[in-house]
Amino acid sequence: MLSIKNYAKHYKNFDIEDISFDIPDGMVVGLIGENGAGKSTIIKSILGAVHPDGGNILFNGREILKVGKKERQQISFVLDDTGLPMELNLAMLDNVLSCIYDKWDSSKFRELVRQFALPEKKLFKDFSKGMKMKAAIAVALSYDSTILILDEPTSGLDPVVRDEILEMIYNYNKDGNRAVLLSSHITSDLEKICDYIVYIHDGKIIFNEEKDVLLNKYAVYSIDEKKLGELDGDAFVRIIRREYGMEVLAEKDKMPHDFEYKPVTLDDIMLFYSKGEQIC
Amino acid sequence: MLGLLLKDIYNVRKQAIWYLAMIALFCGLSIILKNVAFSSTIGILVTISMPLTAIAYEEKDGWQKFVVASGTKIRTIVGEKYLLGIVFALVSIIVYAVTFMLVGETENRAVEITAPICMQFFVLSVVLPMVFKFGVERGRVYMIVAVVALMAVLIAVFPLLEDMQEGGTIFIICACVFTVVAICVSFLASLKIYKSKEF
Numbered sequence: 000m001l002s003i004k005n006y007a008k009h010y011k012n013f014d015i016e017d018i019s020f021d022i023p024d025g026m027v028v029g030l031i032g033e034n035g036a037g038k039s040t041i042i043k044s045i046l047g048a049v050h051p052d053g054g055n056i057l058f059n060g061r062e063i064l065k066v067g068k069k070e071r072q073q074i075s076f077v078l079d080d081t082g083l084p085m086e087l088n089l090a091m092l093d094n095v096l097s098c099i100y101d102k103w104d105s106s107k108f109r110e111l112v113r114q115f116a117l118p119e120k121k122l123f124k125d126f127s128k129g130m131k132m133k134a135a136i137a138v139a140l141s142y143d144s145t146i147l148i149l150d151e152p153t154s155g156l157d158p159v160v161r162d163e164i165l166e167m168i169y170n171y172n173k174d175g176n177r178a179v180l181l182s183s184h185i186t187s188d189l190e191k192i193c194d195y196i197v198y199i200h201d202g203k204i205i206f207n208e209e210k211d212v213l214l215n216k217y218a219v220y221s222i223d224e225k226k227l228g229e230l231d232g233d234a235f236v237r238i239i240r241r242e243y244g245m246e247v248l249a250e251k252d253k254m255p256h257d258f259e260y261k262p263v264t265l266d267d268i269m270l271f272y273s274k275g276e277q278i279c
Numbered sequence: 000m001l002g003l004l005l006k007d008i009y010n011v012r013k014q015a016i017w018y019l020a021m022i023a024l025f026c027g028l029s030i031i032l033k034n035v036a037f038s039s040t041i042g043i044l045v046t047i048s049m050p051l052t053a054i055a056y057e058e059k060d061g062w063q064k065f066v067v068a069s070g071t072k073i074r075t076i077v078g079e080k081y082l083l084g085i086v087f088a089l090v091s092i093i094v095y096a097v098t099f100m101l102v103g104e105t106e107n108r109a110v111e112i113t114a115p116i117c118m119q120f121f122v123l124s125v126v127l128p129m130v131f132k133f134g135v136e137r138g139r140v141y142m143i144v145a146v147v148a149l150m151a152v153l154i155a156v157f158p159l160l161e162d163m164q165e166g167g168t169i170f171i172i173c174a175c176v177f178t179v180v181a182i183c184v185s186f187l188a189s190l191k192i193y194k195s196k197e198f
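Order-wise, the sequence lines are chains A and B.
In this text, residue positions in the first sequence follow numbering that gives the first Met the number 0: the first is 0, and each later residue adds one.
In this text, residue positions in the second sequence follow numbering that gives the first Met the number 0: the first is 0, and each later residue adds one.
These are computed hints drawn from the structure, not numbers from a lab.
Here are the simulated SDA-like cross-link-like pairs (lysine to any residue), alpha carbons at most 25 Å apart as the crow flies: (1) A:K120 <-> B:T52; (2) A:K261 <-> A:R240; (3) A:K102 <-> B:G2; (4) A:K253 <-> A:I239; (5) A:K124 <-> B:R12; (6) B:K13 <-> A:D93; (7) A:K124 <-> A:R109; (8) B:K194 <-> A:D101; (9) A:K68 <-> B:S195; (10) A:K65 <-> B:Q63; (11) A:K274 <-> A:E224; (12) A:K68 <-> B:K194; (13) B:K194 <-> A:F13; (14) A:K124 <-> B:K13; (15) B:K72 <-> A:E70; (16) B:K132 <-> A:H50; (17) B:K59 <-> A:M130; (18) B:K72 <-> A:M85.
Pulled out of the complex, with its shape left as it was, chain A reads as follows (with noise of 0.2 Å):
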């Protein structure tokens, strides 16, 4: 299990601050925020190349930057560039991996790089985007890992490319006890595949809970001005007022139950909280 104990970064003109968050065995926990939010900072923390400020971050128990190599190397890892080199062919970089990772795969890696139709002898320099990150999640999968991070991995894909993508995280974890962190700011495609969903907005986490529960507790509502008076404020989380009326997120629970609603997304959850405003 990986553990994210009130993890602090602190930059300039931004900071993170108070980030505490869990990635339990088998499940598949994202990450969501808009972009600059403090997403990858978190992650490339957890990889080792951005040095926290505060706080803890633990990977089986033990602090993660004093775990070895070996015990590194089970956390499998997809960048948001890949950070493969682009001027090696598939065959050049299955040498080059064979020799710094200590289970490497070669065989699986063919395998992976033939089921996902990768051309071998291309260079990387000249493959598409979707092509790329192919590539990078068949690296990821070819050595024995038991957490697999991803860092915008669907960014920028066509949906069937993004399709194709998320059902691989989802065979990563379907068998066993292998978790994942998944970052992402299109939502839709972690309502698919995700347990829990951690919400950062800016530098700050904003909730930390399973995506069903999410989902089923909160819902919009359009109402008016003199309704919203006549409710109960403890409702309401965030409201946006528009040209045509208001629209509301709020608990369904506490909400009349007569009341017409929309089911909730991510992405609505997501633009209520950066958008909305709070009512005391």
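Got chain A sorted already, so can you dock chain B onto it with the hints?
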């Protein structure tokens, strides 16, 4: 480390061919003009250019983030760049030594062979921490200044080396010790710089 070295050799393979051709050209010039300074200066250029080109690719591809995330130790990542420089230095040294023998006019051979070789490693030890610290783009400017200065020193000192009959052995020992110390200090500095870097 083998994987990192292999990756760099794959990455710089096209440039390496060009540099090998340049080594051959400069050595040919040295032989024709009976002046080994051409051969020695190209050695310096190759020794630093190869690791620099490799680092430039890594920065462009985001490989540094990848390799850190793979659990590879910082010591290995940094050490591999020194090894890459040393590998190409050895290639140019072999060619330089052959050129030197073919030109074969100078009397104080040991000093003239040792000085440019030590200079190659010294330049490497100066340039790599700068590039790790500032990145290839900014580091390249500092590097050019350093290399031009060191090359000027080498060219200025070369005639003096020919006259250095007495005390030649002491010079060689001092130069070798100085070079080894410079490489070690440089490696430790690079290590410290790389450990504090974020990708």
